[in-house]
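S.K.: Hey, can you piece these two chains together into the complex? The hints should help.
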Amino acid sequence: MAAASRHELLKKMKSKQSLMDSILRILSKWIEPHLKQDEIRRFITKKIRQYHKKVQISDNEKQTLARLKTNLKKIGWLEEPYYKDSENEIDHSDEENDHQEWLVELENKSVIHNGVLKIHSGLMLDRMDEHSTSEYRKTVETQIEKLLVHVEVRRKKALHHFNQPLSMVQTLREQIEVSILFSRHARRIRELRFLNTALKMNDWLYSQFKNRKSEAILALYLLALSEQELSIKELLV
Amino acid sequence: MMRVIVLAPIHNSLYSRLVANALLREKGIELCGIIVRTHWSLNRLHSEFHRDGIRLIRKTIQKFFLGDRRFSQESANNLAIYAKKMELGFQSLKQLAVSSGTPYVTVKNHNTVKSQRFLKKFEPDLIVFTGGGLIKPEILKIPKKGVLNCHSGILPEFRGMDVVEWTAAEDKMKSVGFGASLHFMDQGIDTGPILIRKILEIEPEDTFQTIRDRLEVVMIELIQEGIRNLRDSKIECQSQEAQHGRQYFVMHPRILEYAERNLRAITSHLV
Chain A
309 MAAASRHELL KKMKSKQSLM DSILRILSKW IEPHLKQDEI RRFITKKIRQ YHKKVQISDN
369 EKQTLARLKT NLKKIGWLEE PYYKDSENEI DHSDEENDHQ EWLVELENKS VIHNGVLKIH
429 SGLMLDRMDE HSTSEYRKTV ETQIEKLLVH VEVRRKKALH HFNQPLSMVQ TLREQIEVSI
489 LFSRHARRIR ELRFLNTALK MNDWLYSQFK NRKSEAILAL YLLALSEQEL SIKELLV
Chain B
156 MMRVIVLAPI HNSLYSRLVA NALLREKGIE LCGIIVRTHW SLNRLHSEFH RDGIRLIRKT
216 IQKFFLGDRR FSQESANNLA IYAKKMELGF QSLKQLAVSS GTPYVTVKNH NTVKSQRFLK
276 KFEPDLIVFT GGGLIKPEIL KIPKKGVLNC HSGILPEFRG MDVVEWTAAE DKMKSVGFGA
336 SLHFMDQGID TGPILIRKIL EIEPEDTFQT IRDRLEVVMI ELIQEGIRNL RDSKIECQSQ
396 EAQHGRQYFV MHPRILEYAE RNLRAITSHL V
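Chains as they are written, first to last, in the working numbering: chain A, 309 to 545; chain B, 156 to 426.
This is chain B alone, in the form it adopts within the complex (with noise of 0.2 Å):
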């Protein structure tokens, strides 16, 4: 049995409920715990604004006013529609924990003392990263496999954040692709050795949402596969090395402007 343990960004994140909710179907593994950051921390406030700025009050609009109903109901799949394909009945990862007898925790960010206490206890096999910030060394060496992420960027060559835009913006929608990539977590961003990648389909209608809402539904697939596949001792993961890809940041509007004529180049050719 593969003990897992989730660690999670918010309570209602759906994308960690699908994760949770699918580790606790799956044979030989065990979810011994979650993870899950509180709402309300200055410091996070703070740090996430500071990073994200606009982006934060938009992002908080939608999960507190839209919840679940912020995903677009006229996309072909996104997590939403994947959500109901799979039965998620569970509201929140706290119910989802209730309901399967699973240990969970809230804390005020993955690094605390709190968070530290929790997965030395359970010793977890593995940990699996569903968001909520940067992971410190002393969390990374507790699972005896490692800390799993799943990048919505094809690596070694995007890492970093809008790696989606940045795909399209350095022209590499058809050379690397836009995809996602199942890692190890390490010191660095997106930097630890790689175990799955998998490139998605340009389609004639995309646009940067509906190739991000489509990426979010792989991304739960190959934790999946990366899981069953570490279980069963069936993968071996490739490292990567430090120039062989790039760090990429916040995308400044006038270069996003940028990066849709080219993905609009690319998809009106697919019509």
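So that you can see chain A by itself, here it is in the shape it has in the complex (with noise of 0.2 Å):
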């Protein structure tokens, strides 16, 4: 008798947490869409088409997308670069004295400071990261550490104050470089914490290009995309 009861409670509880689970399910995809890997493939390809038909591109749209499309080869979503790698490898290294110098600049040796962040940090931080020298590593490391807590901890109110008034897109563009840096951060160092971010930061972007708002710097975030692809592609086997 008491088992038969039992059994009733747990059958009860059961069809109480799965009718939960459904409608937090449902809740989820509306408060916080997760974008899935063949929802992202489809957006990538989409967009390249809607890339094919433009009539003018400027140069740095094609540095971008050519770049985009070396990772999708690697990734394996396409069968032949577009271009040539050669065309969009810019190597950085020799602007050394330059980051150093940014670092230098920085207000209180951060990155952030009360909220604020120093524009084109996540560009300046992805370079140095790549060819940064042992004497000023840890600084960049401690940087990017910086920047991580500071996305986590404001979410998606992070990286909306800079140290200069920017346009909407610029601070799309801003946000965008700092999730590209995650990302690859991620895989230099192959550390999950920062593609975790990576792959927050792009969830949130993604309803500023879904619907064509913010054409002029899509292919930006079609390249943070396709960063976190290839680095999830690297870390998550």
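Quick caveat, the hints were computed from the structure, so don't treat them as lab data. Being a predicted model, the structure only gives us computed values, none of them experimental. None of the hints are false.
Each computed BS3-like pair below joins lysine-lysine, with the alpha-carbon atoms no more than 25 Å apart:
hint : chain 1 : residue 1 : chain 2 : residue 2
1    : A       : K541      : B       : K327
2    : B       : K291      : A       : K465
3    : B       : K299      : B       : K182
4    : A       : K541      : A       : K354
5    : B       : K263      : A       : K465
6    : A       : K454      : B       : K291
M.R.: See the structure below:
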């Protein structure tokens, strides 16, 4: 008798739990949409096709698209790169002095001061992370870690205040550059925490691009998605 | 007599009730106060939703609609089973406080002036934190011995959130292990001096949920053990070096899938 009532209770609990799970799944899609791999692939493919139809593409966009296609080939989503690799691999190693100067100029030796981010932090840290010598390697890593904590603590509110007034598109550019930095840094040091944050950032940024609001920097966002997928391919195996 | 105050996240937290109940039964310990955060506060909802997103809705539904029944009936060990074993009769911390004559107060958050006044009035030797947000330095410095917290991961390696899942994602299930760490709180996130750590054995049927279920019981046992040792001056703490650990954050579903695969790879060998 007791066993039967326990069984009944378990059944009731399970049905309540599964009903709750279904409701939460629906809510989750609405409140916190997470991009799935096939969705990302479809999105990138569709947007690249749109670029092919465009008459005018800036040099910057061309470079970004070339790097995107190289990534897609590495991921296995593209048979042949559209551009030769040499065309999109820009060597920034000769800019080491500029990088050092940029680091020295940081207010309170931090890319973020009182919640305000120095512009080009994502881009500069990415370049320095790629080429930095051991002399200031630790400083670069400390700054990237600070950025990570800032984004994780402030979440969608992060990276909205810069040391200069920026337009919406410029702000988006800065955010995408930080996401790219995290994906690449994750691969460089084989650290999943950075990929984790890049994944979240790209999910948050998606709403800005799915409805073609920010066409001007779409190529950069596509690159960010491809950097994320490349890191997943290399790290989550 | 060592004077202890419990900080709780909500009046019906089973974890907090079990900790408070254990303290009431302990010789040489005086539970001299309970501070509970209020249910509904717009600021609290806002900050928790900002941090947890959809998980907050799950947590709220579970706490309000399922109560103690939210603990899996099929799990071999969890807080509900432990509560039965401990013959916990109290449905809320308020009931426990009234029945034992323990001073009780509700606050908007643990860092309010009201909370500070209560703590200063009852001059605890120790505070046991059982949840309820970040604790500011003004509170941390009130008790003579410090503020204790039990973290559901092995410190210093795994600080922060979702550390059970991160232990699997980082493939540290054997080298570091799933476990809990009792430590004093400081201004950082899980960076304070460590008192005790306990590693949990992985079982063949384990999922992240069953590991968490067992860990919660271990955490209560660690708090009891730590408090006894502090009372008897039998314990020394070990400070943490910042570089010996990492702070982890809420895990993205795609990394969670990978962590689950890693866990399955380990448990499938145990069958």
